[in-house]
Amino acid sequence: MSLLSKFLTILSVCLLFGCTVPQNKSFAVKAVSYSSLPNWKNDNFQEVLPALQANCQALENDSEWDTFCSGIKRLENASSKQIRKFIENTMTPYAVYTYGKRQGTFTGYYEASLNGALKQDDRYKYPIYGIPNDLIILDTKTVCTANGDTGTQVGRIENKKFIPYFTREEINKKGLDAPIILWVDNPVDAFILHIQGSGRVETEDGVFHIGYAANNGHQFIGIGSVLKEAGVLESGKSSMPEIRKWLNENPEQAMEYMNKNPRYIFFKITGQADGPLGALGVPLTAKRSMAVDKKYIPLGTLLYLDTSDAQGNEIKKLVVAQDVGGAIKGAVRGDFFWGYGEEAFHSAGKMKSQGTYYMLLPKSKKVPKPF
Numbered sequence: 118m119s120l121l122s123k124f125l126t127i128l129s130v131c132l133l134f135g136c137t138v139p140q141n142k143s144f145a146v147k148a149v150s151y152s153s154l155p156n157w158k159n160d161n162f163q164e165v166l167p168a169l170q171a172n173c174q175a176l177e178n179d180s181e182w183d184t185f186c187s188g189i190k191r192l193e194n195a196s197s198k199q200i201r202k203f204i205e206n207t208m209t210p211y212a213v214y215t216y217g218k219r220q221g222t223f224t225g226y227y228e229a230s231l232n233g234a235l236k237q238d239d240r241y242k243y244p245i246y247g248i249p250n251d252l253i254i255l256d257t258k259t260v261c262t263a264n265g266d267t268g269t270q271v272g273r274i275e276n277k278k279f280i281p282y283f284t285r286e287e288i289n290k291k292g293l294d295a296p297i298i299l300w301v302d303n304p305v306d307a308f309i310l311h312i313q314g315s316g317r318v319e320t321e322d323g324v325f326h327i328g329y330a331a332n333n334g335h336q337f338i339g340i341g342s343v344l345k346e347a348g349v350l351e352s353g354k355s356s357m358p359e360i361r362k363w364l365n366e367n368p369e370q371a372m373e374y375m376n377k378n379p380r381y382i383f384f385k386i387t388g389q390a391d392g393p394l395g396a397l398g399v400p401l402t403a404k405r406s407m408a409v410d411k412k413y414i415p416l417g418t419l420l421y422l423d424t425s426d427a428q429g430n431e432i433k434k435l436v437v438a439q440d441v442g443g444a445i446k447g448a449v450r451g452d453f454f455w456g457y458g459e460e461a462f463h464s465a466g467k468m469k470s471q472g473t474y475y476m477l478l479p480k481s482k483k484v485p486k487p488f
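Each residue of the sequence shown is one higher than the one before, starting from 118 at the first, in our numbering.
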């Protein structure tokens with residue numbers, strides 16, 4: 118091959134896939150081939166099919182997803198290879214970069230599992246509140262304010278003044294003028310539910326899935342940092358399973374430390390079937406759904422994840438961006454959904470790994486621009 122031919126070949130590849138990535142952009146992508154996705158051909162695509170089908174329930178009115186979603190409906194009994202081939206024929210993979218780098222942080226979350234009841238008794242005495250009757254969510258974009266604030270503020274009215282809403286400590290001491298959707302038997306489990314943002318409550322009347330409805334507007338302060346600052350945790354023992362164990366074994370101190378996180382979450386019942394609902398509005402699929410920062414990754418995006426769990430076991434699989442999280446910020450950042458139960462709790466609570474991912478977008482969709 119002549120030097121000119123080689124140059125033209127390289128040039129054509131650059132035009133197709135992009136050879137440079139801007140170093141000064143928080144988000145940029147570059148088209149790649151499927152051979153670039155590690156272990157791509159060995160993934161079990163039958164496992165991810167339920168997540169893809171749920172995805173299409175939410176994307177049915179998006180014309181760019183028509184070809185993909187109409188094809189997914191016909192793959193109910195398809196083999197893993199057939200599903201993979203269909204994805205390859207309809208989607209383009211893109212490597213995701215942030216300031217020219219591929220690496221990001223991946224944590225885990227799970228669906229908190231609690232024991233509860235519809236009515237209060239001597240065992241079930243800790244309330245799960247719905248949205249309080251006096252909570253006000255103020256959209257300052259539509260209201261003139263003296264200092265020009267924009268965005269959303271949360272508070273209440275007292276003596277004709279808009280003031281901050283009650284803190285966690287105030288709510289725990291005085292209660293609320295709010296509907297109580299369920300009662301649970303363990304205050305530590307209820308606290309962890311507030312961190313997770315959703316969960317399942319097992320009652321004599323069935324399993325209730327509950328999800329985030331609103332918050333009290335106060336800043337979130339992690340319990341791990343609170344206990345670390347207090348010096349009550351042994352060095353190297355700050356994972357969520359270890360934190361839960363300490364809180365349960367030290368109930369009097371636990372309430373004091375939990376109250377140092379002023380943020381409080383209000384919930385709603387999202388159903389009695391399937392899994393918990395993510396921000397996309399569809400049930401999450403264990404080990405195939407992920408929370409992302411939707412500023413960079415649109416909900417519904419297919420992502421090929423390349424990271425590991427807390428034990429160093431590789432996680433190389435197709436997942437779907439179906440949820441968001443308050444701590445999930447950045448172009449290469451994800452929260453891997455492990456499901457529910459003790460095994461999921463331990464896997465999620467200990468996971469904090471470096472890794473990368475690839476976006477898979479419909480071939481008809483325009484290449485996302487850097488920003």
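In case anyone wonders, no lab produced these hints; they're calculated from the structure.
There's no promise every hint is true.
Claimed, not checked - In silico DMTMM-like links for lysine to aspartate or glutamate, alpha-carbon gap of 20 Å or less:
1. K467 <-> D426
2. K236 <-> E366
3. K377 <-> E287
4. K290 <-> D302
Verification of the hints:
| no. | hint | in the structure |
| --- | --- | --- |
| 1 | K467 <-> D426 | holds, 8 Å |
| 2 | K236 <-> E366 | violated, 27 Å |
| 3 | K377 <-> E287 | holds, 11 Å |
| 4 | K290 <-> D302 | holds, 17 Å |
Consistency with the previously given hints fails for number 2 only.
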